[in-house]
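*Asks:* Line by line, the protein sequences give chains A and B.
Going by my numbering, the first sequence opens with residue 1, and the numbers climb by one from there.
Going by my numbering, the second sequence opens with residue 1001, and the numbers climb by one from there.
Calculated from the structure, these hints are not laboratory results.
This structure is a prediction, so every number in the text was calculated from the model and none was measured.
A portion of the hints provided could be inaccurate.
Below, a list of computed lysine-lysine pairs in the DSSO-like style, where the Cα atoms sit at most 30 Å apart [said to hold, decoys possible]:
1. A:K423 with B:K1154
2. B:K1157 with A:K390
3. B:K1141 with A:K664
4. B:K1074 with A:K448
5. A:K475 with A:K152
6. A:K542 with B:K1074
7. B:K1044 with A:K301
8. A:K475 with B:K1116
9. A:K599 with A:K285
Below are the chains, spelled out letter by letter.
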Amino acid sequence: MTNHWIDLKNSDCILIMGSNAAENHPISFKWVTRAQEAGAKLIHVDPRYTRTSSKADLYAPLRSGSDIAFLGGLINHILSKDLMFKEYVVNYTNASFIVGKSFDFNDGLFAGFNAETSKYDKSKWAFETDADGKVKRDNTLADPRCVFQLLKKHYSRYSVDRVVEMCGTPKEKVLEVFDSFAATGKPDKSGTVMYAMGWTQHTVGVQNIRAMSIVQLLLGNMGVAGGGINALRGESNVQGSTDHALLYHIVPGYMPTPSTAQPALADYKKLVTPVSHDPMSVNWKKNYGKYAVSLLKSFYKEADVDTAYSWMPKLDAGQNASWLVMFDEMLKGKFKGFFAWGMNPACSGANSNKTREALTKLDWLVNVNIFDNETGSFWNGPGLDPKKVKTEVFMLPCCVSVEKEGSITNSGRWMQWRYQGPKPLGESRPDGEIMYELGQRVRELYKKQGGAFPGPVLGLNWEDMGDGHEFNAHKTARLINGYYLRDVEDKQPDGSVKVHKKGEQVASFALLKDDGSTCSGNWIYCGSYVDADAKKGNRAAKRSKEQTPAQANVGLYPNWSWAWPVNRRVIYNRAGVDKNGTPWAPKKAVLAWNAAGKKWEIDVVDGGGAPGAVHPFIMQVNGMGKLYGPGLNDGPFPEYYEPLECPVSSHPYSKTLHNPTALKFAGEKHNSCDPRYPIVCTTYRVTEHWQTGLQTRWQPWLLEAEPQMFCEMSEELAKLRGIKNGEKVWLENSRGKLWAIAIVTKRFKPFEVQGQTVHEVGIPWHFGWRFPKDGGDAANLLAPSVGDPNTGIPETKAFMVNVRKA
Amino acid sequence: MSLTRRGFLQLSATAALTSAFAGIGFAAKPAARKAAVDRINQLKPEWSRQTTTVCCYCAVGCGLIVNTALAGTKRPLNIEGDPDHPINEGALCAKGASIWQLAEGNPGSPNPRLQKVMYRKPYGTKWEAKSWDWALDRIAKNIKRDRDATFTEKNAKGQVVNRCEGLASVGSAAMDNEECWAYQAFLRSLGLTYIEHQARI
């Protein structure tokens, strides 16, 4: 989330699309409802009429996977009716940037497409620069090659009639949504979006969000109260686990994983520190060299930084090691050992039969969890003979969250400290303790026996994560924040010198060094634990509701927990004020310049310096919000493509049916326009269960409310298939087969797509064969292993099935 | 009708518990009513300790209060929404309101939580209980054996990669920040590049 949960109350128009927040983030509705009570309009766009729709002022149905037609239509509506916030667009976005002559777009393909590799040469999309290397601009927005004109041209193809044709949304609903949301383009109004996996789990997932980001920039909704792009993250600490890079492509703090293209630290620093030729661009990433070196020192405190860098494992340049690729490689026998730590991939990964078969190729599996699950017990699962499965399995019991101490980071980037209540039950242990002890044992083995490339194993900074025997969350939190490794003299603005003593916590990432004198496990968390004394220094544990009247006005609690970065509660807030520092919406200001006191007030300013001194989007090399995004793998503008499995053979936007760069695997068939599988299927969750249900299925209170696998379908489809409410049905496609109890409901309606009737069904993904008996199995048995070309997130929200009576 | 606040709380707690247990036949038993009132009394500071926590499910980040018995089982007596928390103001959804059962299991039934290390040997047909010492030693040896066997200093093109090809990991957004950091550092020190988790799916 660029903003935070309480901030939803400040909105004039809330669009919930790609999410069923009332069901899956129920407490968010406390703040959505407050906005509605203050006069805001709530819009829900979704294939199914859900609990969220029931609370909405306006519900518009749309076929799963057709979101870009809808959002592209909204962009076109804003541009053709001149509803944008022009001052904002000209000064705060790249609308005025001139795109180079090599850019082109033709029949669904951008310039630079290589049909053999299914990849783009992105250099074809670069901006035109002047002799100093500065991007050329036309602030009149008239140049035919400026971003604004290209945007206008691109989305002129996205008519309302095409929205109706592809999404199956009634025309009057489309127009009402467009008019309502576009009305937030007035300077003092704000609109926000709440999205979740309904947008990300597509082969155009990133571009769904990009399309909405374009809308938000055109309407001036970024950086303001009640605005922003708000991803509703579904796991209590999936924000933190992403920040700390439990992902192949990044290291902590969103820096890229080193690859063979950067053999030495100097190459890596060059990669991560882009150069801006615009003096008004803060270009914050110019500091990444300091963060990279401080990160290396947090891993390997005693090693010199070049050695530490050589110890970081390198990807092959351009290598994809994301989830779907990992399981594809596992199936081919690449891996000997595998950890499924606090996860249940046998149910949570797309194409579960493939995932489950892949597990049989392992020599050993470590499954760490609170309950037995389909991953740990995979060898005993449906269709498998345990006597033929070689995999050695360790099932390690970890404890529940209330039995240990540490912090988690919510969707609004609040890092909140949790305390230990009871001690762990039975022989269960905190995850930290398990990994810490395992790490010590591996290190001991290398100490005693030597082995392959022992440097990083022996050199890892375990001493700052525990006391030699036990994991220590406070010590680790202090390491993540970072501290001085030797005495450091820092020059102050007034010319005096401040000495930071060795061992002292670093107060802010602005003070991190690239000479090896500081360590910081994650620069964005630098400032979270600023004194070794937990009472003084652990800001995640703060529980004060002290706030100024202006902060109270927008629901900002700067003294409750701590938010990254630097306790900023609304990121990009500098875009929420004009060049004089005056808020666009004075009645709900998040940031304001106090001219008399010469300081920023309310929130922590993005960037620093006086008003108008710098461009607002400090993380972008050019300082501007990106209407045109030349860095993505599938194009600088979102373009309409059908899901890899779809019910149509063409669409009106181009002859390119699917995203040509989507992640797919050789030999795997997709069921597009296959008469055997004519029904669109989508997946979702219910309040009473969580993810694969591995925690919630064991709780009688919750299981009683939602006991087994179901399939929601329209009355029309039920009639067509001769299915009655409550009957058992089979869902099937080329990957698998799954039973469910039919819920015949008015909540699903058939869609009219290109003049044809398209049926859609929906299934929850909470169930698995292990428990309860007769509860059903994983929805992902049916989902395809295809993914977004940028993230690799599988397309589990739109695929094709057949449904028949069991 | 006059009721003290405490009396009202006791009565309503009894009623709530009675209806919670109604389905399993405890409803009319006086012992259950007495147990409920005792549980309310146990929430007093002399019998239990209060700690704050944050919900383990979605990422709204709702605050909760945990009451843990100081004596006896030393287990949680009650877990409920934290009225001081600015986001949820004491409210919880069905899952958050059930965290007590996540920790404690179903009253009267064996707790289904894993409480021992379990092991399944290759081609085995059943689980065997093992000690932590045994399991961690064996996993450490497996890691070392397969890391040593698959560690690659240079790729096919002769470029330095210093990575372990034969091990992979998924998980976990369910861990604390400090655990996430420690885990990725451990994996990267072993040379893993196939590191993924919930955020990717």
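*Asks:* Could you run down the list of hints and mark each one as holding or not?
*Replies:* Okay, the hints, checked on the actual structure:
no.: 1; hint: A:K423 with B:K1154; in the structure: violated, 46 Å
no.: 2; hint: B:K1157 with A:K390; in the structure: violated, 33 Å
no.: 3; hint: B:K1141 with A:K664; in the structure: violated, 36 Å
no.: 4; hint: B:K1074 with A:K448; in the structure: violated, 41 Å
no.: 5; hint: A:K475 with A:K152; in the structure: violated, 53 Å
no.: 6; hint: A:K542 with B:K1074; in the structure: holds, 27 Å
no.: 7; hint: B:K1044 with A:K301; in the structure: violated, 47 Å
no.: 8; hint: A:K475 with B:K1116; in the structure: holds, 28 Å
no.: 9; hint: A:K599 with A:K285; in the structure: holds, 24 Å
In this structure, the earlier hints numbered 1, 2, 3, 4, 5, 7 are contradicted, and the remaining ones agree with it.
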